[in-house]
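With the hints as constraints, model all of the structure from the sequences given.
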Amino acid sequence: MKKLMLGNEAVARGLYEAGVKVVSSYPGTPSTEITENAAKYDEIDCEWAPNEKVATEVAAGACFAGARAFCAMKHVGLNVAADPFFTMSYIGVNGGMVLGVADDPGMHSSQNEQDSRHYAIGAKVPMLEPADSKECKEYTKLAYELSEQFDTMLVIRLTTRIAHSRSLVELEDRTELELKPYEKNPSKNVMLPAFAKKKHIVVEERTKKLTEYAESSGVNQAQMNNSKIGVICAGICYQYAKEALGDTVNYLKLGMVNPLPVNLIKDFAEKCDTVYVIEELDPVIENHCKQIGVKVIGKELFPMCGEFSQKLVAQLVLNKTVDSKKLDIDIPVRPPVMCCGCPHRGLFYALKKQKVYVSGDIGCYTLGASAPLGMMDTCVCMGGSVSALHGFNKARKADSEKSSVAVIGDSTFIHSGITGLIDIAYNATNSVVIILDNSITGMTGHQQNPTTGYNIKGDPASKVSLEALCKAVGINRVTVCDPYDLKGTMAVIKEELAVDEPSVIISRRPCALLKYVKHKPSLKVNTDKCIGCKMCLNIGCPAISIKDKKAVIDHTQCVGCGVCTSLCAKGAITE
Amino acid sequence: MNNIKSVLIVGVGGQGTLLASRLLGNAMVSKGYDVKVSEVHGMSQRGGSVVTYVRYGDCVSSPVIEEGEADLILSFEQLEAARFLPFLKKDGVIVVNTQAIDPMPVITGAAVYPNSIIDELRAKDVKVVTADALSLAEEAGSVKAVNVVLIGVMAKQLDIPKEVWIETIIETVPPKFVELNKKAFELGYSL
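So the sequences go chain by chain: A and B.
1 is the number of the first residue of the first sequence in my numbering; add one for each residue after it.
1001 is the number of the first residue of the second sequence in my numbering; add one for each residue after it.
Certain hints may be false.
Claimed, not checked - With a Cα cut of at most 27 Å, we get these calculated DSS-like pairs of lysine-lysine:
#1 A:K320 x B:K1127
#2 B:K1124 x B:K1156
#3 A:K2 x B:K1176
#4 B:K1162 x A:K3
#5 A:K320 x B:K1089
Just so you know, the hints here were simulated from the structure itself, not pulled from any lab data.
Given below as structure tokens:
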């Protein structure tokens, strides 16, 4: 049976068919749907872990126990997981262990454009890169075979266009596997220097064997079309090249992007007069070619930033452009915004009124940086808001302590904000940390987390009490507010900024998109009372606009949250 | 390669463009085509400008559609139709929902929502099919059915029997929404 599947869904199918038993991940676009889909198979024990480091260690543990194990993450998640990642490379596996890492060229939903291939090279771990959903499934299964054959953890690298594109996949049955026997073996599994020194030698030998595999196994394939032009590529770039250049060039399609073959590339290049390396982001394949003495055209022609396309390839290789029509009018941009009824909106408006410095974090609330709220000063990485606020206040002391806050979501706080809060309590700055508890992991599309009381299957689970957790690490002042109540929220923020000790505010209100959240009827504007002052526009609600100098509320969008009503001095907005 | 058709589905995050692309993709699979669909997830889904690509034919390589390549653009909103016009092929068709949703720069007064987009499109010799999908969706029973109304309007422009669409709707949407969506499809199709 053939099915139209997302790349991520096909990886999950591959996990199922390969007999994988344990999957542990932290959500991150564009990798999230791998784990969501894996959780639909009862045969796989799936979980959302608090962060990628924990998830990788859980997979490592399952692999020690003799099961095939998996862990999915976005590219920046691998930064968090880098510690176990580098050392698991030395240890190798018992049951097969595979990581699915999704890069985001073009930064559709990411803070940077890092290229995960550098990690594979750095950790000396083999990496496969599929070019469509069919290969997503095939390579996932192949990854487990190679993992066990070569005694190594392995990475499947996806990019957004592979992870989030649907193409046809042939479904096969699951191969149920027995657990491999567990045998105590410290020289393999305990990375003390004495053991690790020996394992490093093993890793270097392994890379040689994997390079031989890359030369001859068929995972990397030359497709000769009687041309003098050659193209070396992998993943989505193969599809762009095929679309733009068709059968007019020869291809060396690489399915394994680390380690890269040497002789295969040399032989291919010898049969061509000109060889292009078409790869998004960094010149990884290109540098390898140059290192082995193969002359190629790469980043002197192709950009280092952003996504590629068939158009870009046609333009740069063939000098071909396409005519297109365009309207001669200014088209306003449409940036993403907080949804109608989003609980973050009221909180950010309250912060704006306080004119504070906001140390920001990663989640839907990062949208608080955009106009008209514009209430974010810095944002680096998951959990970074809390520790960066501590540093800001260390540098500026009393000067900034009364006028700065950190904002962080419930899931992000558990991911890595809690460690920063421990630092605030332990090394004492009078910092105010606001946890935006919307009872879900929002931006990635509603995943449960340790604060929601439910697990990945939607079954009831242990629930972290944020209040008790913050108190336990040494924060004595923990206050809860409702961000729909603007006045109350503003009062709490003012009070906590004034005190001379660290404090946490929990701004609590479930995400308006959650199914169990009941919406109220749309609010209405009394046009007799409305004076067109535009105060209600200051919260940046997409349902409110001005038509004929009066406020208008779009009834198809408004969920009746009521935040706008408290802004209207004339009482013109009513139920 | 020449028999490949490219359909661009554009709109505002939250309007249900993903279901529309899934329906179209599945309908083309049942017709026996090779199909690729490319979607947008994550941040841009939050009320931003969203675009989904559907391509089908004997053998599809790239899942994305570039400027000048779309045989059909299905736009859930007027401004998005204007924005993505450059993606339309020379003789392509653009199906536009007449709904207008102000983007944040318009709401804050930093920009103005352009007038008479549909006329501007026609003035460029573009084949435009319009529909008030919001009213039709309300008639079908839910404003959320805008996407399926528009699928109905688009279906008229594509060479696929109506039955295939209905079957695909039954297979793709949850059982309790089948009747609503069938009605929404009919209203769009019979425009």
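Structure-based check of all given hints:
Taking the CA atoms of K320 (chain A) and K1127 (chain B), the gap is about 26 Å. The hint holds against a cut of 27 Å. Proximity of K1124 (chain B) to K1156 (chain B) is assessed by CA-CA distance (about 23 Å); at most 27 Å being required, the pair is judged to hold. This hinted pair checks out: K2 (chain A) and K1176 (chain B) have alpha carbons roughly 26 Å apart, not beyond 27 Å. For the given pair, K1162 (chain B) sits about 21 Å from K3 (chain A) by alpha-carbon distance, which is consistent with the 27 Å threshold.
Between the alpha carbons of K320 (chain A) and K1089 (chain B) the distance comes to roughly 16 Å, so the proposed pair stays at or under 27 Å and holds.
In summary, this structure violates none of the numbered hints.
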